[in-house]
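Undergrad: The lines below spell out each chain.
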Amino acid sequence: MTQQVLAKQVQEVFARFSDGVVEDQRVGYQGYIVAPEHLLDFARALRDECGYDYLTTVTGVDYLADGKMEVVYHAFKTLGGPALEFKVQTNRQNPIVPSLALIYPSAELQEREIWDLFGIRFEGHPDLRRILLWEGFYGHPLRKDWKEPYFEEVAKPFKSRFPDGKVYRAEDKHPLKDNIDFPEGFDPAKWEAEGDAALYKALTNIPGADEPGIKTEQIILNFGPQHPSTHGVFRMAVLLDGETIVNLKHVLGYLHRNHEKIGERNTYIQNMPFTDRLDYITSMSNNFGYAVAVEKLMGIQPPERAEYLRVMMAEFTRVISHLMSIGFLLNDLGAFFTPMMYALEEREMILDVFEAVSGSRMMCNYFRFGGVAHDVPDYIFDKIKGLVFERLPRRVDEIDAYLTKNEIIRARCEGVGVLTPEQAIALGVSGPLLRGSGVPYDIRRAEPYSIYDRLDFDVVFTEHGDVYDRYLVRLEEIRQSIRILQQVVKQMPEGPIQIGKSTYQVKVPPGEAYGRVEAPKGELGFYLVSDGKPNPYRYHVRSPSFVNLGALAPMSIGSKVADAVVNLGSIDIVLGEVDR
Amino acid sequence: MLNEYYPLVVISMIAIALGFFVVLLGSILGPRRPTQHKGQPYESGMIPYGPGTRRISVRYYLVAVLFILFDIEVVFFLPWAVAFRKLGVSGFILMVIFAVILEIAFVYAWKKGALEWE
Amino acid sequence: MNATLVIEWVVKSLVIILVLTGGFAYTTLYERKVLARMQVRRGPNRAGPLGILQPVADGIKLIFKEELTPHNADKFIFTVAPVITVVPALVITAVVPWGREISLFGRTFTLYLSNVNVAVLYILSVTSISVYGITLAGWSSNNKYATLGGVRATAQMISYELALGCAYIGPILIVGSMSLVDIVEAQAGVWFIFLQPVAFLVYFLASLAEVNRAPFDMPEAEQELTAGYHTEYSGMKFALFFMAEYIKMIAVAMIGVSLFLGGYLGPGIDRFPILGPVYLFIKVAVWLFVIIWVRATLPRIRYDRLMALGWKVMFPLALLSVMITALVLLFVES
Chain X
212 MTQQVLAKQV
222 QEVFARFSDG
232 VVEDQRVGYQ
242 GYIVAPEHLL
252 DFARALRDEC
262 GYDYLTTVTG
272 VDYLADGKME
282 VVYHAFKTLG
292 GPALEFKVQT
302 NRQNPIVPSL
312 ALIYPSAELQ
322 EREIWDLFGI
332 RFEGHPDLRR
342 ILLWEGFYGH
352 PLRKDWKEPY
362 FEEVAKPFKS
372 RFPDGKVYRA
382 EDKHPLKDNI
392 DFPEGFDPAK
402 WEAEGDAALY
412 KALTNIPGAD
422 EPGIKTEQII
432 LNFGPQHPST
442 HGVFRMAVLL
452 DGETIVNLKH
462 VLGYLHRNHE
472 KIGERNTYIQ
482 NMPFTDRLDY
492 ITSMSNNFGY
502 AVAVEKLMGI
512 QPPERAEYLR
522 VMMAEFTRVI
532 SHLMSIGFLL
542 NDLGAFFTPM
552 MYALEEREMI
562 LDVFEAVSGS
572 RMMCNYFRFG
582 GVAHDVPDYI
592 FDKIKGLVFE
602 RLPRRVDEID
612 AYLTKNEIIR
622 ARCEGVGVLT
632 PEQAIALGVS
642 GPLLRGSGVP
652 YDIRRAEPYS
662 IYDRLDFDVV
672 FTEHGDVYDR
682 YLVRLEEIRQ
692 SIRILQQVVK
702 QMPEGPIQIG
712 KSTYQVKVPP
722 GEAYGRVEAP
732 KGELGFYLVS
742 DGKPNPYRYH
752 VRSPSFVNLG
762 ALAPMSIGSK
772 VADAVVNLGS
782 IDIVLGEVDR
Chain F
266 MLNEYYPLVV
276 ISMIAIALGF
286 FVVLLGSILG
296 PRRPTQHKGQ
306 PYESGMIPYG
316 PGTRRISVRY
326 YLVAVLFILF
336 DIEVVFFLPW
346 AVAFRKLGVS
356 GFILMVIFAV
366 ILEIAFVYAW
376 KKGALEWE
Chain W
3 MNATLVIEWV
13 VKSLVIILVL
23 TGGFAYTTLY
33 ERKVLARMQV
43 RRGPNRAGPL
53 GILQPVADGI
63 KLIFKEELTP
73 HNADKFIFTV
83 APVITVVPAL
93 VITAVVPWGR
103 EISLFGRTFT
113 LYLSNVNVAV
123 LYILSVTSIS
133 VYGITLAGWS
143 SNNKYATLGG
153 VRATAQMISY
163 ELALGCAYIG
173 PILIVGSMSL
183 VDIVEAQAGV
193 WFIFLQPVAF
203 LVYFLASLAE
213 VNRAPFDMPE
223 AEQELTAGYH
233 TEYSGMKFAL
243 FFMAEYIKMI
253 AVAMIGVSLF
263 LGGYLGPGID
273 RFPILGPVYL
283 FIKVAVWLFV
293 IIWVRATLPR
303 IRYDRLMALG
313 WKVMFPLALL
323 SVMITALVLL
333 FVES
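Residue numbers (this note's numbering), protein chains in the order written: chain X, 212 to 791; chain F, 266 to 383; chain W, 3 to 336.
One should not assume that every hint holds.
[Unchecked claim] A few chain X positions that, by computed beta-carbon distances, are all more than 12 Å from chain F: (1) V224; (2) F228; (3) R255; (4) D407; (5) Y411; (6) P436; (7) M552; (8) M573.
[Stated by the list, open to error] Calculated pairs, EDC-like style, for lysine to aspartate or glutamate (alpha carbon to alpha carbon, straight line, at most 16 Å): (9) F:K303 with W:E68; (10) X:K288 with X:D259; (11) X:K701 with X:E633; (12) X:K412 with X:E346; (13) F:K303 with W:E335; (14) X:K712 with X:D586; (15) X:K288 with X:E633; (16) F:K351 with W:E335; (17) W:K314 with F:E368; (18) W:K314 with F:E269.
Keep in mind the hints are simulated off the structure, nothing from the lab. All C-beta atoms, glycine included, are put in the ideal place defined by N, C-alpha and C.
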């Protein structure tokens with residue numbers, strides 16, 4: 212099936228909705244605006260007839276001046292190609308939009324996020340609860356008229372805190388002063404989260420529970436937030452029958468800091484170091500994603516050498532992330548830290564490289580719009596050569612030899628946490644999780660960015676979709692990354708590393724852009740809306756871990772408790788990115 | 266004869282004394298400032314839902330019953346093993362008969378799925 | 003029975019208990035050091051030279067730590083459970099000989115506390131008691147993880163006790179005695195590991211499961227059940243569980259060495275009987291090293307497979323080994 216035929220089908224679908232679907236006419240905007248009453252039919256037609264089966268991003272924008280709220284969808288074809296963007300607009304007073312959760316299950320979590328942060332109600336959503344904030348939180352913080360405690364100004368840079376030589380703090384003005392006073396009659400020790408009751412109700416609400424038959428006693432057990440194997444402050448509430456999981460709900464937001472609100476307050480360049488903190492293991496990839504999105508908006512291209520440096524850092528990051536992921540997976544399987552220590556040893560070597568180029572081992576802040584911050588010093592280039600040509604390939608083979616054929620690992624991983632390709636696409640998962648399920652979808656190939664279209668590498672995928680396959684995909688992707696690194700090191704051109712001079716302010720024309728890269732954990736996308744000011748009007752992070760978590764419950768229901776932990780490990784989440 | 270057993274009584278008494286002494290030591294020397302929140306059972310930092318001690322899954326009882334059955338078998342084996350040389354061929358044959366009867370039970374339990382952990 | 007005899011028993015008992023508790027302390031250090039070296043790191047090296055004071059520091063910390071008892075816990079059982087767990091661990095090695103007779107102060111001492119003729123039966127029965135401690139600890143904590151960990155531990159331990167029991171029978175058949183002194187002495191020619199390889203293997207694996215060590219450390223499966231049955235324990239009560247685990251580790255190593263690796267026997271033992279404890283110590287250290295090595299290497303087996311392995315593989319295998327041993331013995335004798 213060629214592109215043209217599909218495009219024709221798309222046109223036919225559009226024609227059918229004549230008035231309901233119109234092109235977005237605003238300057239700098241793409242995509243289509245769909246009338247809310249047509250949304251469900253349109254989405255179904257898009258999925259079933261046009262091949263846009265992979266909805267990755269759903270987000271909201273609050274256009275305060277127009278009195279409108281908008282929900283923005285980005286759908287892709289799993290065969291590759293650019294996004295089809297469509298939007299739904301609703302009023303601000305009583306925003307209601309039909310839910311796509313039943314057509315695209317990947318929308319379920321993201322719609323909950325929009326409800327949480329924007330207060331847009333999704334009709335027909337199966338489980339519309341707050342997700343990042345707690346039940347009982349007042350207001351919806353990403354609305355433009357919502358102001359937090361200690362609110363100072365709408366956008367940075369703020370006015371001086373020392374206007375006349377004396378420090379001035381916003382908290383001094385606040386009615387609750389330093390925020391440790393509580394309202395009259397409120398006892399924090401007795402406070403109980405209202406959310407738990409709703410959560411447990413949602414947890415025990417399973418279809419078929421009322422059927423007659425012998426019932427065994429079921430218990431509700433919390434894993435996390437303070438639990439050794441949840442990879443941070445993440446919580447799974449599970450309904451157990453013996454040791455078998457009947458239902459599972461995950462609870463997020465313990466690390467929530469409203470990255471997006473802060474990002475909308477920062478200037479564009481101030482957000483660059485801020486993206487480091489998303490997935491703190493792969494800061495270089497986060498920089499990459501943000502740089503790609505902003506450059507799309509600005510319409511600039513970095514010079515050749517900068518592209519090579521970017522790809523080099525991104526692939527090193529992938530090696531780190533996958534090595535650590537394998538190490539932690541083994542930890543979740545109960546191996547006592549040895550594989551992880553071996554992985555960390557290699558990570559340190561790569562972090563030396565990062566330190567040499569950016570001055571920091573973890574929070575690199577290395578990318579700039581239209582280039583990178585620093586060039587690679589010569590002495591470290593020799594080390595890079597040693598790493599990519601000798602040490603890393605040898606170590607990957609070693610890990611392969613130690614782990615891949617291990618009897619216990621195979622017994623515990625094969626056939627565990629199976630995700631079928633259909634499920635994987637529907638849930639919108641990305642990265643090794645998607646490719647492990649047999650969908651060869653890699654953004655580096657599906658919608659190439661930077662210089663990936665010129666590099667030689669394979670998209671790794673396996674067919675069974677279990678934990679073991681995800682492990683294999685990660686292992687093989689490390690090899691492919693090393694292959695890319697070898698090419699990059701060999702072909703590295705000379706030249707400038709940045710266009711123009713480095714500046715503190717960038718001029719971004721009004722408009723919107725969705726830039727995405729293949730981060731180690733999956734599709735990392737940044738949706739930006741600019742109104743021409745120095746700060747982004749809307750700054751949304753589509754983090755791979757957050758969406759991939761949607762696959763946890765389908766994978767784990769019906770399996771043992773021990774397997775749920777392994778499933779979580781195989782999804783490979785980083786809470787900094789999940790909770791944002 | 267019994268002389269060999271007295272030392273076991275001695276060491277048991279010393280061990281029990283040591284055990285209680287250690288518990289006592291901890292409770293005397295350690296601080297004790299209980300609060301409402303400290304006393305809550307640990308459930309990953311959440312307030313537990315429902316009681317902590319529940320009815321235990323029936324599978325565990327099945328294991329316990331099977332254990333009693335076959336542990337007795339093992340215990341019967343021990344004196345037989347000691348006296349094996351004296352009993353000779355007849356002892357062996359009798360033991361085989363005994364074992365086979367139990368193994369039939371074992372195979373039965375296996376086939377019935379008593380050993381499955383699903 | 004006279005006064006000197008009683009004093010001898012008391013002194014020997016104290017020595018055994020002190021060696022075991024000291025051994026426990028230094029096994030933790032040994033384990034941490036070995037694990038660290040296997041994991042490309044150094045391990046504890048701050049408290050004293052090479053970190054040899056680390057166990058002391060740990061002990062002091064645990065003594066001065068606050069002990070918590072959860073609400074609604076059964077306070078009496080909660081307190082007694084660690085004692086029930088640790089006592090069997092301490093007394094189990096009373097029947098293991100450390101060497102032959104030596105002469106000291108003009109008296110002949112036997113290097114064992116007791117040479118009961120049912121030593122193996124004693125070991126089997128005493129190990130069973132410590133299961134109670136773990137079950138009760140899990141049950142009395144009023145905690146879901148602990149309850150689940152407690153019953154898991156119980157089911158696992160009793161399942162592997164069968165295989166363990168069968169593994170003892172092989173050496174007993176060959177020697178015709180349940181006394182460990184007789185069993186060790188019978189290995190003067192050839193160690194039973196060579197005559198009973200299957201029983202040895204079954205013993206090694208089942209003993210790992212019996213003392214809840216990797217890859218069978220299910221009851222304490224950190225990744226699922228946080229700390230299993232001792233989740234709610236802190237301070238010295240926790241230390242007792244920890245102590246029980248490590249002393250049991252030493253105990254199964256001592257018993258295993260005596261059953262299969264010639265116990266205290268070694269070159270020159272006839273001339274210098276004092277070498278007995280030294281040989282025993284070395285063999286136990288090697289055994290412990292292997293246990294630690296396994297922990298550093300292997301992931302954990304899932305619970306259902308663990309039970310299946312115990313019931314469907316180990317137990318029949320051990321039983322088969324017993325029958326074959328008996329058959330071979332019959333042929334050799336006649």
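Undergrad: Any of the earlier hints contradicted here, and which numbers?
TA: 4, 5, 6, 11, 13, 18
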